[in-house]
Amino acid sequence: MWRLWATWQNRWVATTDLLQRSVSDARVAGVCGGIAEHYQVDPMLVRLAAVIIALSSGVGLVLYGAAWLLLPRGTAQPALVRAFPKVARVRSHTWTVVVVGAALVVLILVGVAFNASLLPTMVVLGILYASQLRPGMKASAVSAGDLGRQSNASMLSAPLGGGWPLLSPPPGELIITTPAGPWRPTNRWGQPLTAQECATYYAVPDPIGLYERPAAAVPLRRSRVIALVSGVAIAAIFAMMSLLGAFVQVPPVTYLAVGLVGVGLALIVGAFVGRPSGFIAIAVALVLITGAVSSSTNSATSTFGQGSSSTSGLPSQISFTGDYELDLSQSQIDGDKTVTIQVEGGNAQVALPATGNVTVIYDAQFGATMPDGPQGQGGEWHRITDPSEPTLTLSITVTSGNLDVTG
Amino acid sequence: MKGRPVDVLSLVVGLTALVVGFALLWTTFIATPTALIVKIAVPAALVAVGIIGLLAARN
Chain A
3 MWRLWATWQN RWVATTDLLQ RSVSDARVAG VCGGIAEHYQ VDPMLVRLAA VIIALSSGVG
63 LVLYGAAWLL LPRGTAQPAL VRAFPKVARV RSHTWTVVVV GAALVVLILV GVAFNASLLP
123 TMVVLGILYA SQLRPGMKAS AVSAGDLGRQ SNASMLSAPL GGGWPLLSPP PGELIITTPA
183 GPWRPTNRWG QPLTAQECAT YYAVPDPIGL YERPAAAVPL RRSRVIALVS GVAIAAIFAM
243 MSLLGAFVQV PPVTYLAVGL VGVGLALIVG AFVGRPSGFI AIAVALVLIT GAVSSSTNSA
303 TSTFGQGSSS TSGLPSQISF TGDYELDLSQ SQIDGDKTVT IQVEGGNAQV ALPATGNVTV
363 IYDAQFGATM PDGPQGQGGE WHRITDPSEP TLTLSITVTS GNLDVTG
Chain B
222 MKGRPVDVLS LVVGLTALVV GFALLWTTFI ATPTALIVKI AVPAALVAVG IIGLLAARN
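For the record, the sequence lines run as chains A and B.
The numbering used here puts the first residue of the first sequence at 3, with every later residue one more than the last.
The numbering used here puts the first residue of the second sequence at 222, with every later residue one more than the last.
Isolated chain A, as found in the complex (with noise of 0.2 Å):
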């Protein structure tokens, strides 16, 4: 049944150029390549895309799942003669202003109301997506793989730059031309490869180091020192995401603060090694999106929670991220209130009533303040005038942040 299957499928792919899995092309099953090699996009950016849509519900695997069993999978298209997206040769230049241009665009769109549940994907995938471009790749090593990165028309009609290995003819029999000369490659019983047979072997990006001169073990390294930063930024970030999670509250902007550390952390390495430059885009990015969320926050400082004249006019439950500010010096307690205030990344400062039974019962990750003088992270505090008359209870948590009480 299952080969009946698969001849059907492969009588399809032949007799029709229609969407169908990649094989040259494949970190899982090969869809997202394949959809890439079909409409001729940058095949990283369908594989974000994918990402996102698994991540929004899980629909996107669900989708996955299907194109991976309604897909034929694709005869071996080798990458040497696949013409690919001219979007893997754009410049590093025009790659920092499209990305920092995109952050801008996102941070105008969604503005104060940032989204903290989105803003991890987002740097995580940022991170992903710069260390997967190559602008810094010298001279001194090109692999396979990166010879299938040029069109097919340079690739035959010009050489590549200091004599780059060439596959000529392009029909028929097979020369490599290398830096030690021209080189006929064999099969495992010595007789010459096929072109279909080259193809496949070419598939695989560089298997054995062939292009590489000696010294192109330096991108090798950069490469696993960038790969070890950024898988570690990652999961410093999947880890503050489970604290989360864990009922711990984690600023939106300390996102960023990982990124941009990991970020950082590959840039310097990179400065040594190699020339990272989609990390650079990433970082100047992560930079203005960090500033902007700070002094976001922080604007909204003044024009918040600003007196009350009468204490029942207070709502029950406050809920703010970044400094607090809340003014009750002018205010009169007409009645028993109850009010819970949350304060997430910032402190928060509260000026009790002038007069009449106040409770505040407090917990500051940093330390609370009191009319009295300094206190420890939690606790109660009551000033109690006239037991017959109503009480205020203010019930205040602060979360990374100090909370200072006064009156």
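Note that these hints are calculated values from the structure, not bench results.
In this text, all values refer to a predicted model and were calculated from it rather than measured experimentally.
You may find that some hints are simply not true.
[Said to hold, decoys possible] The calculated SDA-like cross-link candidates involving lysine to any residue, where the alpha carbons are at most 25 Å apart (straight line), are:
(1) B:K260 with A:G369
(2) A:K339 with A:V286
(3) B:K260 with B:R279
(4) B:K260 with A:Q367
(5) B:K260 with B:L246
(6) B:K260 with A:V286
(7) B:K260 with A:N349
(8) B:K260 with B:W247
(9) B:K260 with A:G293
(10) B:K260 with A:I320
(11) A:K339 with A:D365
(12) A:K339 with A:I320
(13) B:K260 with A:F368
(14) A:K339 with A:D329
(15) B:K260 with A:E346
(16) B:K260 with A:N404
(17) B:K260 with A:T401
(18) B:K260 with A:L290
(19) B:K260 with A:P389
(20) B:K260 with A:D406
(21) B:K260 with A:A294
(22) A:K339 with A:P317
[As the list claims (entries may be wrong)] Short, incomplete list of chain B residues facing chain A, as computed with Cβ under 10 Å:
(23) V227
(24) V233
(25) T237
(26) V240
(27) G242
(28) L246
(29) T249
(30) I261
(31) P264
Ideal Cβ placement from N, Cα and C applies to all residues, glycine included.
Starting from the known structure of chain A, arrange chain B on it as the hints suggest.
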């Protein structure tokens, strides 16, 4: 003596990202932003980054 070639742009941007990132983490998890950090420590660190970049560019 000529040292190993260094990509100065990557070095400076990387150090800057490191300074900003660690400053944010410090003020989030260890201590609140104080004048010492905001007005002295971070600017001093960025100046140090600039000096390092200039020194690296001389090679």
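Could you tell me which of the hints above the structure violates, numbers in ascending order?
Those not satisfied are hints 2, 3, 10, 19, 30 and 31.
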